[in-house]
Amino acid sequence: MNTSTTSRRSGTTRRQFLAGTGALGALGLSLPALLAACGGGDSGGADSLFFENWPLYIDPTEGATLGTVDRFMEATGVKMTYTEAYNDNNEYFAKIQPLLGAGKSIEPDVIAPTFWLAGRLLALGWLEKLPLDKIPNAVNLEPSMQNPTWDPTGEYSLPWQAGMAGVAYNIDVTGRELKSVEDLFDPAFKGKIGMLTEMRDTIGLIMLGLGKDPSTVTSFDDAAGAFDKLDKAKSDGQIRAFTGNDYTDDLVSGNFAACVGWSGDVLQLQKDSPHVRFVIPEEGGTSWADVMVVPKGAKNTDAVAKWMNFVYDPAQAAQLSAYVQYVSPVKGVQEELAKIDPDLAANPLMFPDETTSARLRSWATLTEEVEAEFDAAFSRITGA
Amino acid sequence: MNTTLLVPARQRVGRNADRVGLGALIVASTCLVALGAGWVGGAFRPVVVLVLVAVVVGLLVLVAIGGPQARRLLAPYGLLQPGILWLALFFLAPVWSLLRISLSTKPSRFSVDYTFSWAFENYTTAFRDFGKQFEHAFVYAAVATVLTVLIGYPLAYVIAFRGGKYKNILLGLVVIPFFTSYLIRTIAWSTILADRGPTVAILHNVGLVRLFEVLHIMNNGQLLNTPAAVIGGLTYNFLPFMLLPIYVSLEKIDTNLVNAANDLYSSSVRAFRKIVLPLSIPGVFAGTLLTFIPAAGDFVNAQFLGSPNTTMIGNSIQDQFLKQNNYPVASAMAAVLMVSIASLVLIYTRLFGTGDLA
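Chains A and B, in that order, are what the protein sequence lines are.
For what it's worth, the numbering used here labels the leading residue of the first sequence as 21, then goes sequentially.
For what it's worth, the numbering used here labels the leading residue of the second sequence as 1336, then goes sequentially.
Be aware that a few hints might be false.
Stated by the list, open to error - Label pairs and their computed distance ranges (CB to CB):
(1) Lys124/A to Glu1456/B: 26 to 32 angstroms
(2) Ala244/A to Thr1515/B: 44 to 50 angstroms
(3) Glu374/A to Pro1629/B: 53 to 59 angstroms
(4) Asn167/A to Pro1512/B: 55 to 61 angstroms
(5) Leu1434/B to Ala244/A: 34 to 40 angstroms
(6) Leu1657/B to Lys124/A: 17 to 23 angstroms
(7) His295/A to Lys1467/B: 32 to 38 angstroms
(8) Lys252/A to Tyr1683/B: 56 to 62 angstroms
(9) Ser68/A to Thr1515/B: 33 to 39 angstroms
(10) Lys252/A to Leu1657/B: 42 to 48 angstroms
These are calculated hints, taken from the structure and not from any lab test.
All residues carry an ideal CB built from backbone N, CA and C; glycine is no exception.
Please construct the entire structure, taking both the sequences and the accompanying hints into account.
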């Protein structure tokens, strides 16, 4: 303190001060380079793995019962990071696009986008081939899910879970069981309806309600009626919010009387909140799959292979299914699950029987121009 | 001999010091804008950095050898340098790059590059598709600003003149909630005001729902999901930015002036109107700027307290940037928002501005 006060008065101060400023400036210029040199070295090492997934999509460790991640780490010694930062396909795509588009790698080694986004990533050349020779359990993939149209050779993706979109509702608020898409437009629920920002599920369900089939869509005109209906419901104040996977909070708290929801989420929520229900509407529901893919430039492909092999073991997959209650893509899970929980093994929302499957529709693959048209129309309605 | 030769050289530097300093400032800030806006890439980057360093070092050398006169003239430029460079890198460069992207097009839908093409249609899209959101932003922000004055002024007045020894505690009570994150506080409101939350239940039991519906505070039995909820959130979140500047200007007022007015048979209302109010106007002015500008660009309150029909322009900009990946249109919207706020503030300053802003 003393030195600085005296030097402020002496003749050399200004020069010293300016020299100091110059030195600081030089430091400032070199600092970014230093920082750049320091960054980017994380999560290296052959034995680590980073999986970025949707919320409510894995069994956590509860007391003495180890969750899938912990069982995997125990069995293989791989140090795994599992995050739930994936809330919305478009949002996540926007996040990774600047990096992958510029030829840089992103942090996660595995992500689980919905099938249509995985198809887009593949078409853009932003995915690595899976090391299938190191994943012997990949043979356990359900035949109906093998070689989808957007990944015809099946070399780039393995499904994580599949499921359906239908009507989720909070019976404390609705006061009655719901069974139709039309219930979402019931004026009694004005301002209490949630819709997903996932265009295919929201529009798909409304289309089914209008008697249109999303699995045969080829142009925007096929779905125009559904867009109009959604737009009108929004203007009328019927819709409270357009949400990503975070719809679950509003559904449980009762801010939503009903919303478009995903089967397994609601089944999981029922454990603590028996007043939330899920139904495949009588007009039909949409079915989808979220698939594990490896983004271009991912470092830990060996650990990825170990992970995929682990979760494609029916015994492991059954424990996962017992918690997440989605449709498992792994053959033999139903038999394994029957040993743990026979009720779940008989649940048609997890193991759709013929009548259930017949009511489900999976979206057609849209050409890029048509998809652009759909997305633009949808974002004009969701507005935010 | 040596000294006589050196003197003219010094004088030369001394005479031109102003021009040298100004030139150095311009060159250095251009370099930084170029770096920041990404005009230069690859091999040119180190060159520009070198030029920048050379200018700064050259200025320092000139100061060192230039003699007292040069030093005196150059010193202000040297002192300005850090501030100007900061502005160049963190204000001019981003604004330049924003304006550039707002006039660009994407070569393909998922491209990460933008081609500059004087694409004014981005601005047409911004106005055509998002007029409603612009309107919401300005109306909600304006109402919230007025409300913060109505709540903040009396509160600041009481704390400043009647607070006594509790002054600091009262100020602390105003500020302490704001130690919690902005986001957490807003989400907390959405829990407090939830349809099946305590507030709505109490209003139902007391029978105020009908009245609130008439006042447009509630809609359809809900407190959330309404313009009133968004405005309420903005008012709550920006109150301290209004209260604190008003408090500061009230606090400075010499109470003897009021006493003198009373001694001269002025009523206390008149004393307030003639003395306290005019002297506190600079605080109100600063407070309105601090409240209105961020409130007009806010998206958090509309996101958590509003509905799809109460979205503000901040929500749309966020959506276009972060979800639709439409940087050109998002930049155009951001530019329009900036220009509108800047013009409103300019007009406001002209009409009500005070020369001696506290």
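Status of the hints after comparison with the structure:
Separated by about 31 angstroms at the C-beta atoms, Lys124/A and Glu1456/B satisfy the suggested range of 26 to 32 angstroms. For the pair Ala244/A and Thr1515/B, the beta carbons lie near 46 angstroms from each other, so the given range of 44 to 50 angstroms is met. As the Cβ distance of Glu374/A to Pro1629/B is approximately 58 angstroms, the hint placing it in 53 to 59 angstroms holds. In this structure, Asn167/A and Pro1512/B meet the distance hint of 55 to 61 angstroms, their C-beta atoms being roughly 57 angstroms apart.
Taking the beta carbon of each, Leu1434/B and Ala244/A are about 36 angstroms apart, inside 34 to 40 angstroms as hinted. Taking the beta carbon of each, Leu1657/B and Lys124/A are about 19 angstroms apart, inside 17 to 23 angstroms as hinted. At about 36 angstroms, the beta-carbon gap between His295/A and Lys1467/B stays in the expected band of 32 to 38 angstroms. One distance hint, 56 to 62 angstroms for the beta-carbon pair Lys252/A and Tyr1683/B, is violated here, with the actual separation near 39 angstroms.
Separation of Ser68/A from Thr1515/B is about 35 angstroms and conforms to the stated range, judged on CB atoms against 33 to 39 angstroms. One distance hint, 42 to 48 angstroms for the beta-carbon pair Lys252/A and Leu1657/B, is violated here, with the actual separation near 27 angstroms.
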